[in-house]
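Novice: Residue numbers (the UniProt record's numbering), protein chains in the order written: chain A, 1 to 467; chain B, 1 to 467.
Hints are supplied without guarantee of correctness; some may be wrong.
[Stated by the list, open to error] Restraint ranges, calculated between C-beta atoms of paired labels, are given here:
| id | chain 1 | residue 1 | chain 2 | residue 2 | range |
| --- | --- | --- | --- | --- | --- |
| 1 | B | Ser402 | A | Gly99 | 48 to 54 Å |
| 2 | A | Ala263 | B | Ile463 | 50 to 56 Å |
| 3 | B | Lys467 | A | Arg401 | 50 to 56 Å |
| 4 | B | Ile465 | A | Asp161 | 30 to 36 Å |
| 5 | B | Gln257 | A | Arg461 | 32 to 38 Å |
No wet-lab data here; the hints were simulated from the structure. Here the structure is a predicted model, which means the values were calculated and not measured. Think of the CB as a built atom: it goes at the ideal place given N, C-alpha and C, for glycine as much as any other residue.
Number of protein chains: 2
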Amino acid sequence: MPKSSQKSNKQTTPKDSTNPQTKAQNQNTLITPRTLSGFRDYLPKEAMAKEKLIASLTTVFESFGFAPIETPHLEYAEILLRQGSDEIQKELYRFVDNGGRDVVLRFDQTVPLARFITQYRNELDLPFKRFAIGNVFRGERAQKGRYREFTQCDFDFIGSDSIGCDAEIIEVIYASLSALGLDEFTIWVNHRSVLNGIAEHFGIRDSKDLESFLRLIDKLDKIGEENLAKELQSTLKLDSKKVDEIISLISIKQITQRDEFFASVAHLKEWNAELKKGIEELESCFRILSSVQMATSSCRVSFAIARGLGYYTGIVYETTLNRLKSLGSVCSGGRYDNLTRSFSRERISGVGASIGLDRLLAGLEELGVLRGKSTSAEVLIVCMREEFIAYAHQIAQSLRRSKIYTEVYPQATKLQKSLSYANNKGHEHCIIIGENEFSTQTLTIKNMTTGVQFDSISLLRVIEIVK
Amino acid sequence: MPKSSQKSNKQTTPKDSTNPQTKAQNQNTLITPRTLSGFRDYLPKEAMAKEKLIASLTTVFESFGFAPIETPHLEYAEILLRQGSDEIQKELYRFVDNGGRDVVLRFDQTVPLARFITQYRNELDLPFKRFAIGNVFRGERAQKGRYREFTQCDFDFIGSDSIGCDAEIIEVIYASLSALGLDEFTIWVNHRSVLNGIAEHFGIRDSKDLESFLRLIDKLDKIGEENLAKELQSTLKLDSKKVDEIISLISIKQITQRDEFFASVAHLKEWNAELKKGIEELESCFRILSSVQMATSSCRVSFAIARGLGYYTGIVYETTLNRLKSLGSVCSGGRYDNLTRSFSRERISGVGASIGLDRLLAGLEELGVLRGKSTSAEVLIVCMREEFIAYAHQIAQSLRRSKIYTEVYPQATKLQKSLSYANNKGHEHCIIIGENEFSTQTLTIKNMTTGVQFDSISLLRVIEIVK
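Bound conformation, chain A alone:
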């Protein structure tokens, strides 16, 4: 990630320096190029990695029959504001446009989805499976690895209560991460009814207390058991015995095989209807999952997954990279009961998940799963004289037609210079066209890693060597 030059420039370019009145007199002074504070640029290496990621994910989503949709980055404020949490309200990019409209840059892709579903209700067949890969904006306090514009990759299965949908979203997460070359990850699955049932058992019934309870559980990973115990005691006025019991319950994680695990928690189903429902739906979901090929250890129950507050009502999940737990969840989601409540009286439920693309990218980078090249081209063609350029273009076209990505260095240049260009960008081969190659209509090719060179060979031979 490029360093932002924003800080050091703050003094020299005051915020109001773009006053239109001063535009004319500024015409000859230079503007310091800088990225907006809290935002980022992607240089070729990162942008290419991101693009490959998106292409892989798109293929997975489409292989499951999810179709893309696209909504604008900008929406009427009234559309987005009702469903956003209070925290999000403070972080809005909200303004009045030239036409006097109160507008907001979207802060997620879920509220626009709710708007979309209701607006096109008559044109969409339910169940409706969509994915959307797009940027969202949140004016958070800038911090390392967090940006005010970031890419979210959402996939949702709308309009069916079937537990098969919940299982399928988990299958998609599994297939997505596998397609990216990851194998050591865990999808932690829970059911909101399990947590509701535990809360009920310990007398936490008031909806505000329940909210606090869920919010605190969500913090377990961050603050640890001891602090969680303290906070549960102080916030919910529970005695330490109850708190200990609660903590031992939410610490339940599936480490054994599926059947053994569900046998071990079967007694909880007797406690109340919520726990019964939660555990039974988890069982149904895992029964479907066990019919597909999937490393069993990569999808497990954890009673500590709460997925904050908000709209989740059924099965929920988070995904962590085993070798990079500190990164947090790279893909989270769950079932929600009434997506479109702000726009329609019709109850439309769904289940979906979201991949934080920038976070996942950072994770893949740290794990060394990404290749580090600044060019998509395998081959660079270099001409020793300007008159050979047309020949180079001809050869390049032939190589591209053989699916070999090829770049032509645009002008005749010293060999040393172009070889170092190829080295910096990461071309695997350099084709050199000099006097001899041009007159005999041959090519010289040099492998940039091994240094091995073949002189004055045919195009066919070059294609063989590169492939």
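With chain A fixed as given, assemble chain B onto it according to the hints.
Specialist: Just chain B now, kept in the frame of chain A:
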């Protein structure tokens, strides 16, 4: 394209209805779902077509060694405002963010590129070839087929004066449109020096007059020769004889072979240095192009191409679809001499072009080049009973592993309902799992186009049939 419900709602939802004070009392009233005025949503069919378009273009760009970059949608106003035309200034989405920063949603991807190049000058090797596919925002008066947010697809070759770059950008345009299944298109090429030279020859020397001259020529297609003649007379105070000569000159189009054409205009090189330079550079460019395989009629000189005002200084081009000329240019561009002038004293030239993705998409739709499906899945699996869902998921996974995109209908349903779902969305095959299929671990498959059905066959046989 979905109809916007915006107009009909205007009366019922006044612009200031999202006042935060009224939020609480609104909590139980429904919000009318509507897209922001002048913006659009993409439903699956269009979004999928757009996504395929982007994937094809990305492959072409990368096969030439162009690498992606990404810059934020939002920039400091001072960065974007200097280089935007006066017309664009009026259409800006500009506002002050929560941190008091004067910011603008980008209106193109060229000014951000100039900022990017200067900011990362030391990390980028020149020549630098980048592409960027992203959305830009212009608050134009809304009209049919024009939206306030639209997708631009830019590719630029930065940091080389070589005419090989100009030729390559044209090759990329050719390869891009070919990759999209288009064959009947024309890339019209001109050189700004040709027009400068013609202007000079007729005494148009003042830079303001030259600007008017270029702007008028740009209107030729829209207003026709007769009106152009009138406007040239009135604006530039030219007599009708000169105007006639000018019009016959800018009407010169290459209809013959390359050599014949350049012989026919060779005498113009004698008129002045500008014309000489312009025609010679066009010749060099076409010499390179003639070395690659390209339908010769699809790339031709036209002295009427001006590419408006702005930053172009060398070879310029526009691309029209032969069977849909009314659409206007789907891909335009050219050489600019000093991209980074606002940010740096270093002179960095380049050449690039931009595809208006939404316009091209509309064109492809009108030409019937796009397939009209709302799903990416070829196969829909339907279960007659809930207990077969796990088996369906298992089969679906096997099909996906054989690269057959497969959707599972999420719950047991009446056959009629799921077949009509498949018909609406465009699945090619339906796999049906009933009592018999489940007990014998076989499948029944129905071709949704022909109606042909195979009962209780093996998975292997199903894969053969679908493939």
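Novice: If a hint holds in the structure, say so; if it does not, say that too.
Specialist: The hints, checked one at a time:
no. : hint                            : in the structure
1   : B:Ser402 - A:Gly99: 48 to 54 Å  : holds, 52 Å
2   : A:Ala263 - B:Ile463: 50 to 56 Å : violated, 38 Å
3   : B:Lys467 - A:Arg401: 50 to 56 Å : violated, 26 Å
4   : B:Ile465 - A:Asp161: 30 to 36 Å : holds, 33 Å
5   : B:Gln257 - A:Arg461: 32 to 38 Å : holds, 34 Å
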